[in-house]
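Engineer: The primary structure of each chain is shown beneath.
Number of protein chains: 2
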Amino acid sequence: MGDAYSKLLERMKDLGRLDAIEALLDWDQQVNMPPGGVQGRAEQLSLIAGLAHEWKTSDEVGQLLREAQSHNGEFAAVTNIREMARTFDRARRVPTKLVKKIAHTTALAQNAWATARAESDFAKFAPWLTRLLDLKRQEAEHIGYETEAYDALMDAFEPGAKSAEVEALFRTLRDATVPLVKAIADAPNPPDSSILTRHYGRSAQQSLSRAVAELLNFDFNQGRTDVSVHPFCTTIVPASDVRLTSRYEENFLPAGMFGTMHEVGHGLYEQGLLKEHAFTPMGSAVSLGIHESQSRMWENMVGRSRAFWEFYYSRVQKTFPDVLGSVALDDFYRAVNTVSPSLIRVEADEVTYNLHIVLRFELEREMISGKLAVRDVPTAWNEKMGDMIGIVPPDDARGCLQDIHWSTGTFGYFPTYAMGNLYAAQFFEKAQADLPDLNDCIRRGEFRPLLDWLRENIHRHGQRYRAGELVQRVTGRPLSIEPFVKYVTEKFGAIYGLT
Amino acid sequence: MGDAYSKLLERMKDLGRLDAIEALLDWDQQVNMPPGGVQGRAEQLSLIAGLAHEWKTSDEVGQLLREAQSHNGEFAAVTNIREMARTFDRARRVPTKLVKKIAHTTALAQNAWATARAESDFAKFAPWLTRLLDLKRQEAEHIGYETEAYDALMDAFEPGAKSAEVEALFRTLRDATVPLVKAIADAPNPPDSSILTRHYGRSAQQSLSRAVAELLNFDFNQGRTDVSVHPFCTTIVPASDVRLTSRYEENFLPAGMFGTMHEVGHGLYEQGLLKEHAFTPMGSAVSLGIHESQSRMWENMVGRSRAFWEFYYSRVQKTFPDVLGSVALDDFYRAVNTVSPSLIRVEADEVTYNLHIVLRFELEREMISGKLAVRDVPTAWNEKMGDMIGIVPPDDARGCLQDIHWSTGTFGYFPTYAMGNLYAAQFFEKAQADLPDLNDCIRRGEFRPLLDWLRENIHRHGQRYRAGELVQRVTGRPLSIEPFVKYVTEKFGAIYGLT
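From first to last, the protein sequence lines stand for chains C and P. Each residue of the first sequence is one higher than the last, beginning at 152 in the working numbering. Each residue of the second sequence is one higher than the last, beginning at 152 in the working numbering.
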């Protein structure tokens, strides 16, 4: 029994190593690879994905799992066996051929998407989207589901999440958000966000981002930062080699600044997983929603707080004396917290952001069910933008082509972003209760207490608890929209002078 | 039969893809990886190496080979089957466990070597060297050999090469070199090489290197250049993603400049292999000796020629006006062709370079046979340096710790460097005969004719011909030291005014 678990653990680690090699191939494609490499890289990704799939669905693993499941060992073993069984059951239903086909197609589709976005030409991406939807529908059918195919896909990112529940959660969130957005729109004295669109030199931004990452305790001995078109965080060796990317825009300071803090939040979680559990579920993140709670907390609850800028603004002023020298702290703080309808999700403010997610959730759910045809996606997108956010994209590059996700076949991923905002607010509320001087720490530039709290309460547990269970254990109650609504109402009420 | 070959071809390509993934893991370790990644990377490399080994030695491949060997198809198939059989026969003799052990040990040993070299502390590397020698001896015993274990190792880099023959070749080379070195040392008017050790800014050097790579037709759509401690060239996707690295020293211009031309030579070969044969022997380089002939030709026969500098010197002068503004072309040309005993192989001149190789060949042959104990390596190194080159390293960093090779377990690799010099001279002599205006082309900055000649005569053939056969076919005679000796005698005779 113990022996079966040891063997299973070895297989698990080899699988984790293989997944991490796939992550390196992907990171390299986005950061380094010359254009000529596209076709060969697609073949390599397909090879590794197929291999990982064969391993994780092998009869040998099935047999080891059956033997090990009676294992009554300590919780690490119990967690690893439980999660390995989940992976095995899910993977076993999908033919290797389909897995390889998806890996190969997405590697090429990303390239087509990049071109389509650059040229704002949806027609160049549409055939790939059709192909990917077809493949992902097949995958969902193989996996199986209770009520709708979309659930089977979402489960890969947020285990156990159900569309109907997410829909209900998002409905209350939307109902609470819309009046706030309206009140803010009517407020008489909006911030002047134009100071953020002045000229900010790229290399100065890059140095500043590095300094911010260090300030927030991202460990450069166990990670690195680079530049890519679409910022992301990936793990090459768990806890030991964690890589972030940022994107810098010379006439929009927040893209690089808050983008970096966001990815640092992801990176701190990955660096906080326990090394002794590397390449196993006990050394892996719970879910994408929980992951996103970490990035959003550092980006928004910390990075967009008044306390943070009381500490850090002078440094940013010194970096850009010409553009910010005469801008007061309060004006800068209000500017980075401007709430206004906007086109691009990753640049959206904290209040309207979730509406971008609700839109994507509704659209991709209909795409997977077949209710929405690919050719109608741009129109549907633009209509929903008008209805929910109040503006219509002038082109598809700033509309339905803006995100990389669909080109990577990750349908069911978007909802985890809004869930992350909710988890973040609920965790942060508890952290503030546990650390009464948290705000003062931030004001003094001390970020270690919050990080230690996260390490203790979230990071070190790996996948020991599922997302819902973790939230319950840490905060004493199930996930709710309430802490988030309270947080944004108070914060933006003060900024916009609402009563 | 045709079916067996098709299946074999698929297995071969998957193997090629896997080998290239290993190359990416290695490239990333040398260029990007943060320190924390070392242990996890060693595990990943070991995993892939073990997997590749299992694949290439599988019963299935053996069976497919037997069926396909009666295949009388066109030469590409014949070549692929022949070389796959060679790989299979060789690999099949080595246990997977040993292969994984070697991959794991070398990933860690490289790290130990880097530390040992930085601190010039041989004791920090010695235990790793002992371990690696032991593992490589085991490997050689498994592979088998006629007269000595070293042959089995050298065969991995230069198929068919035999120590006794290399020894004889090197003896005549040494006999021809020593009197020339002596005559040069006695020449009354040596070049002033101090102009090369002035201050050359790193980023200006880097831009210049990029320009040189473009000038020599390295294709940045199918490759990239980076910085690493030990310059190298590697292929991530055959012909489509070829990567070079350089190293820049602020007080030694040639390291970056000629180092880049050298790696570009390797890169042009890799980019010149045929894409339709990617990941198979028909789309792979013949041997390391032939590979080195390409790098040395571009670095020395082209890059250190007077014709090249007549074209390019003004550009370099413009880049470094303060240090080179008043240096005449002829003084610069003579400086970059200074012949003098030196400590570092990669910085050695064309004449003494081969002596550095003979030294390494003799030492590692004795290390493998067990005649030379690891603890005696530094002393033996220093004694041979004194005997053959006339100077003794002041420390091991500039002595036996200078090269990465032993830490990567690549014993038997060094001889291919000197063989590359010989191949290069013999090929270049023929290229000059075929292209009577080659020198004028170089003088006008036209490098395409030489590249086309190399593509036609060498690159496009992949592994169709073994090294010896290729030399015979291209130049009409077997490998000889004569073209090299003639080349250096004439070139340096002119530079040093020898009669």
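Treat the hints with care, since some could be wrong.
Copies of the same chain look alike in the list, so a pair counts if it works inside one copy or between any two.
Claimed, not checked - Derived lysine-lysine pairs resembling DSS-like cross-links, with alpha carbons at most 30 Å apart: (1) Lys642 with Lys522; (2) Lys469 with Lys248; (3) Lys252 with Lys426; (4) Lys164 with Lys637; (5) Lys252 with Lys164; (6) Lys275 with Lys426; (7) Lys426 with Lys522.
Since the hints were made in silico from the structure, they are not lab data.
Engineer: Hint by hint, say whether it matches the structure.
Structural biologist: Hints, verified against the model:
1. When the C-alpha separation of Lys642 and Lys522 is checked against a cutoff of 30 Å, the pair qualifies neither within a copy, at 39 Å, nor between copies, at 77 Å.
2. Within a single copy, Lys469 and Lys248 get their C-alpha atoms no closer than 56 Å, and across copies no closer than 58 Å, so neither meets the 30 Å cut-off.
3. Proximity of Lys252 to Lys426 under the C-alpha cut-off of 30 Å is restricted to the inter-copy arrangement: shortest distance 22 Å between copies versus 33 Å within a copy.
4. In the homo-oligomer, the alpha carbons of Lys164 and Lys637 never lie at most 30 Å apart, since the shortest distance is 42 Å inside one protomer and 58 Å across protomers.
5. Taking CA atoms no more than 30 Å apart as the test, Lys252 paired with Lys164 passes in both settings, with 25 Å inside one copy and 17 Å between copies.
6. Taking the closest pair of Cα atoms, Lys275 and Lys426 come within 30 Å of each other only across two copies (26 Å); inside a single copy the shortest separation is 43 Å, beyond that limit.
7. In this assembly of identical chains, the alpha carbons of Lys426 and Lys522 never lie at most 30 Å apart, being 45 Å within a copy and 43 Å across copies at closest.
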